[in-house]
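Based on the provided sequences and hints, a complete structural model is requested.
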Amino acid sequence: MNKGLLVVVSAPSGCGKDTVINALRESDFKFEKTISDTTRVMREGETNGVDYTFIDETTFKNRIENGYYLEYTVYNGNFYGTPKSEVEKHLDKGECVLMKIEVEGAGNVRKLMPEAVSVFLVPPSMEELEKRLRGRGTETEESFKKRFETAKQELARAPEYDYIVVNDEISKCVEKIRNIIETEGLRYCAMKNFVDDLLR
Numbered sequence: 001m002n003k004g005l006l007v008v009v010s011a012p013s014g015c016g017k018d019t020v021i022n023a024l025r026e027s028d029f030k031f032e033k034t035i036s037d038t039t040r041v042m043r044e045g046e047t048n049g050v051d052y053t054f055i056d057e058t059t060f061k062n063r064i065e066n067g068y069y070l071e072y073t074v075y076n077g078n079f080y081g082t083p084k085s086e087v088e089k090h091l092d093k094g095e096c097v098l099m100k101i102e103v104e105g106a107g108n109v110r111k112l113m114p115e116a117v118s119v120f121l122v123p124p125s126m127e128e129l130e131k132r133l134r135g136r137g138t139e140t141e142e143s144f145k146k147r148f149e150t151a152k153q154e155l156a157r158a159p160e161y162d163y164i165v166v167n168d169e170i171s172k173c174v175e176k177i178r179n180i181i182e183t184e185g186l187r188y189c190a191m192k193n194f195v196d197d198l199l200r
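At position 117 of the sequence shown (counting the first as 1) the number is 117 in this note's numbering, and the numbers step up by one without a gap.
It is worth saying that the hints were derived from the structure and are not from the lab. Treat the hints loosely; a few may be bogus.
With a Cα cut of at most 30 Å, we get these calculated DSSO-like pairs of lysine-lysine [what the hints assert, rightly or not]:
hint, residue 1, residue 2
1, K30, K93
2, K131, K172
3, K192, K89
4, K30, K111
5, K3, K111
6, K33, K111
7, K33, K84
8, K176, K192
9, K176, K111
10, K33, K89
11, K111, K93
12, K146, K111
13, K33, K93
14, K3, K30
15, K176, K152
16, K33, K192
17, K84, K111
18, K152, K111
19, K93, K192
20, K111, K61
21, K131, K145
Here it is as C-alpha cells:
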C-alpha cells in the first residue's frame, strides 16, 4: 500500500476555498475530507457533521486539554480544530486526505507533519477580493474592513506554502489542485512501499 497523502488547503476569507473544495469533490477525483470542529454559529446552507461539527466552547476546550486535536486555532473569536483521528485513520489506509483549515492552523499542521503538502488559494487581484467580500451582502462596513485587513495579513504568509493557486476560474483552479495532488502522489516517499514490494 502506498503511503497516504495529507493535503492542506488554506485561503484568506473571500477566496472561495469552500467553493473550490466542493467542486473538487463533485469531480471524479477521490479524496477524504476532514471535518473540523468549530464553535462558530452554523451558517445558512451548512450541515452539522458535513461542513463542520458545531460544538460549544466548553466542549472544545475540554478536547484541547485531552489532546484531541491535530491542530486548532482561534479565528475571528471562534475556535476551529481538526481531530487527530480524522486524519490518521485515512492516512493509515494509504488514502489522500484533504484538510480545509485557516492559515494559522495550517502552520501548526506543517510543524507536526512536515510531509504534508500545502496549497494556498489566492484571489486574482485585491480588487476582486474586495468585490467578493462585499458581494456577500452580510458585511457591515466595519466588519468588511476587519475581514479585508485580515485577508491582507494572511496573504503575506503565502511564502510558507508549497503551492500557490490563483482562484480566478473554478474549473481551472480545481484542475491545478488535482495536478498537484497527482504529482505529489508519485514522489518516492509516497511510492516507497510499492517499490519495496517490487524488489521483494
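Violated hints - listed by number, lowest first: none
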